[in-house]
Structure formats: C-alpha cells, structure tokens
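Undergrad: Now for the letters of each chain:
Number of protein chains: 2
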Amino acid sequence: MDKLKRSQRMVLLTKELTENPGKIFSLNYFCERYQSAKSSISEDLNIIRDIFSESDEGHLKTISGVTGGVVFYPYLGDRAEKSFLKELAKDLSKGDRILPGGYLYMTDLIYSPDILRKLAKIFAKKFRETKPDYIVTIETKGIPLALMTAETFGVPLVIIRDSSRVTEGSAVNINYVSGSNHTISTMSLAKRTLPENSKVIVIDDFMKAGGTAKGMIDLLGEFNAEILGMGILITTAEPENKLVKEYLSLLSLETLNSETREVQIAVKE
Amino acid sequence: MDKLKRSQRMVLLTKELTENPGKIFSLNYFCERYQSAKSSISEDLNIIRDIFSESDEGHLKTISGVTGGVVFYPYLGDRAEKSFLKELAKDLSKGDRILPGGYLYMTDLIYSPDILRKLAKIFAKKFRETKPDYIVTIETKGIPLALMTAETFGVPLVIIRDSSRVTEGSAVNINYVSGSNHTISTMSLAKRTLPENSKVIVIDDFMKAGGTAKGMIDLLGEFNAEILGMGILITTAEPENKLVKEYLSLLSLETLNSETREVQIAVKE
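Residue numbers (the numbering used here), protein chains in the order written: chain A, 100 to 368; chain U, 100 to 368.
Just chain A, same shape as in the assembly:
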C-alpha cells in the first residue's frame, strides 16, 4: 500500500477496529500495514480513542506490555440505549403481535441485524468487566442475538442443540424440565465445541420460568464452564421467582392479554 495521508489512515484504522471488536491489534501491525511510524499511529489512535469516548461510541483500550497495542469495545451510549430500548418495547407492545396461545411474535425484530447490533452493544457494555472465552446460547431464536454479542466480544459462539447431531461428534446430553409447561426436553452440547473450564456468557432471547436457562447452567456445569453472566432480551414479570437467580434482562413482559389484545412491555432499570 502506498504511503497514506492521515485522513486516509484514520478511515482505514477506524474501519479495521470497528469490524474487529474485541481483537487485540499491536502497534507494529498497524505500522507495517500502513507504512507509518509508531508515533503517527499512536497519534491517530489517540484521536480515535478521544472521539469515541466523547461521543459515547465505545472504548478503545490501550494494552501495555512489550509489544503494546489496542482493542476496541463498541458501546451504545446511555441515552442512545434508553431511547432504543423504549422504541423496541413500544414496537413489541403492539396488539397484533399476540399469537394464538398467548405467545408474542417477535421474530421480525430479533432477526434484524441493525436491532441485534444495538442489543449486542448493550450486553457488551453490561458485561464489560468480564472476559468470556465463548458466548453460549441454545437453538434457535437466540442464535442471531448471541452471535452478534459474540462478535462484540471478539469470541466464538457455542450453540446448544435440542438433540445430538452426527455432524458434531460425541456430545453430552441432559434432560430438563421446561418450567412453564412441565414437559421434559433434551439439550445437547458436542464435547468438541466447548473446552473444559471455559469462561462463558449465556445469551438468550426470552425467559419465562427459567427452566431452559437452568438446563443450560446444568449442562455447562458438565463442561466445568464458569458462567460470567447471563443476558436475556425479555423476561416475563410472572412468575417472579425464576429457576435461575443471576441474570440480566433488558425488557420485561408485564401483561399479555389475548382477549383485550393488550401487551405491556417495560424497559428494565
């Protein structure tokens, strides 16, 4: 690559950092890639760090040590987070989202990349002090949210399946009781997908009684995984006592009345 002007370097640096959240870049890497002196790259990164911080776009963290480097964690600023969650709650509270059986239709929202990216940044901020090796979810509807969260942390995704698959090799299976309707289901995690003693964050889209979440914790226990946090998009207000105690949810489903077609969703504080 030809020698670049500062403005050009800023563009390429910003793009590379934005596309690779959670990834540690050494100064040397940037120096070689952009044919620039360490002092110039440092200055560029300082500008990026300051404007990201001022505009609440994320944290460009300096890694000290022999090589030195930076890693970018994208955030959603507090105000942006509040207004976004409020909008999302409003959209989810539309009466025509009520499905037969008293379920809430939310597939359109939780499969939309722009919404998922914002949610992932919120989880990244809430769990900013943790250093997970993996983000774990259970198929199917939580996968998009979990993948985006994995990307903001710069770590791989692990998907618990509802039965073991020939394409993933030997697996640990457990049976669990779904808290809301007391049916017994199976969940399965291929041995090869999660090394023993990994640090993980569990992400899912919905929790009612917490039976599935409890099952995931039990299954992860079989892998001696350390659970650093559990992030759920929506939990129901009832039952108040969930089967799991430690979780963080963004929205609360307060009311869903199929007859009056009323839905109430609140943003959790």
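One thing to keep in mind: the hints can contain errors.
Note that identical chains are pooled: a pair holds if it fits in a single copy or bridges any two copies.
Restricting the straight-line Cα-Cα distance to at most 25 Å, the calculated cross-link-like pairs of lysine to aspartate or glutamate (DMTMM-like) are [claimed, not checked]:
#1 Lys-160 / Glu-353
#2 Lys-102 / Glu-321
#3 Lys-193 / Glu-358
#4 Lys-102 / Glu-180
#5 Lys-230 / Glu-353
#6 Lys-224 / Asp-155
#7 Lys-122 / Glu-180
#8 Lys-104 / Asp-149
#9 Lys-313 / Glu-186
#10 Lys-230 / Glu-339
#11 Lys-193 / Asp-149
If you are wondering where the hints come from, they were derived from the structure by calculation, not from laboratory data.
Starting from the known structure of chain A, fit chain U onto it as the hints suggest.
TA: Coordinates of chain U only, in the frame set by chain A:
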C-alpha cells in the same frame, strides 16, 4: 455534539458506515448529526470512497436524487479473498476433523465471527448486483453465516424451521426428501416472517445432494419469493449432479476418507 475537526468526523463517519452496511444515509442526516456543511461532508465522503476503493475494502455508492446520499457495501479484495479461502480450506482439510460416519467437523469455524464476517463479504461481492429484501436459511448450522450475510446487505434474516412453532404463528410446511439418505423430513416457514413476492438470497453452510436446498426452493415458491441467488460455503464434489442447478459455492469437498483420515477441500474458481 460540538463542532468536529475533519479527522474526528472521518472517524465517526467511517464507524457509522462500517457498522451499517447496505443502509442508505442522506447527506442531510450527516450534516445535522455532525453539525457540518454539505460541502464538508461531501469532501469527507469522497476521501472515504477513494481510500476504500484503492484498498479494496468495499464500495461507497452514491445515491443520486432529490435528497442524495450514500450506501456502503463492504467487500473482501480479490487477493484477500483467495488467501483467506485457501487458509480455510487447509484448516478444514485436517484429518482430525473426520467424525464417525464420515462427517466433517466444522462447527468451530462456522461459528467464529471473524471468519463469518469475511465469508459474508465474499457473498456480498458475488451477489453485488442483486438487491435482496431478505436472506433466507434453514436451521441450525447455517444461521450464523446467513445472519452475517444479511448484515452486509442491510436486510433481515429469515429462518426456515424444521417444524412449525407456536411462537411464530401459522406456517406453511412442506415435506422433502433428503437427497443423500432418502429420508423424509419437514421444513416450515411462518407466514408472517416472509411477505409474498419477496426477493431473497438463500445461504447455507453445506450441500451434498441438494435435497434440502431443493426443499427450500419449493417452500419459498409457496411464498412466491423470487430467488436471486443461492450461496453455499461447501458443496461435495460427489454427486456431481445436484438436485439444484443454480448455486454458488466457495469450497468443494473433494475427498473424505475415514480409513486413511484424508480430507481434501478445494477452493472453487
């Protein structure tokens, strides 16, 4: 936001464009957001366009018309694409990936955000002339790849399920014959998730005989969807005649010998 210097504006503009591929931004939006004159923003965008183009990072397309605006499509340059796919093929060709039954373990790679992002950019480039409304896949293993591809196009993801779910409302189900082992399975797509007459690109991780792909085409036909393209990460060399004719695959599984533990994967031209 206070008045920004050019270098600061370049950082924020680049971040916003990079994080929202496929999204159309009007010049006015940027002018208001960054408190800057249209001429300054235009100049910034020209710098960004040129350096993205020179360094093969993507295409910043100008939208003409009353309002005027830009939209960013990230690409992987030809050289970067070739070396990345070669590395991926090499990694997938490791003998210890062979599972009992002659299956290839690839979960670790297709759930890794950094690999997925590159693959998504490759698909975005191959299908650059198309304007899909949705990216469609079938659960489970193709979901991460399909979601990342959806993000590069700035459109929502649609997931075909293996049975209909109470949480998604009424659905169209079809039975299909899996080409490789002639078993009959079901796939299901909730009516609400895909409007009639949508334009879609189908993305999946693996294709052998093409039974599943054929099933997806049939099911999408029930929604009068127009299929603009089908992108598959890996297809098997055998059988040569797949049940679907029009598809684009990135890698070809040439050999998988469980006894000699040999795997050969080639990059498709």
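Undergrad: Does each hint fit the structure? Answer for all of them.
TA: Hint-by-hint comparison with the structure:
1. Lys-160 / Glu-353: For Lys-160 and Glu-353, neither the intra-copy (39 Å) nor the inter-copy (44 Å) Cα distance is at most 25 Å.
2. Lys-102 / Glu-321: The answer is neither: 53 Å in one copy and 55 Å across copies each exceed 25 Å.
3. Lys-193 / Glu-358: within (14 Å within a copy, 58 Å between copies)
4. Lys-102 / Glu-180: Result: close only across copies, 23 Å inter versus 39 Å intra.
5. Lys-230 / Glu-353: Close neither inside one copy (32 Å) nor across copies (39 Å); limit 25 Å.
6. Lys-224 / Asp-155: within (11 Å within a copy, 32 Å between copies)
7. Lys-122 / Glu-180: both (24 Å within a copy, 20 Å between copies)
8. Lys-104 / Asp-149: both (20 Å within a copy, 12 Å between copies)
9. Lys-313 / Glu-186: neither (30 Å within a copy, 39 Å between copies)
10. Lys-230 / Glu-339: neither (30 Å within a copy, 46 Å between copies)
11. Lys-193 / Asp-149: neither (40 Å within a copy, 44 Å between copies)
Hints 1, 2, 5, 9, 10 and 11, counting from the list given before, are not met by this structure.
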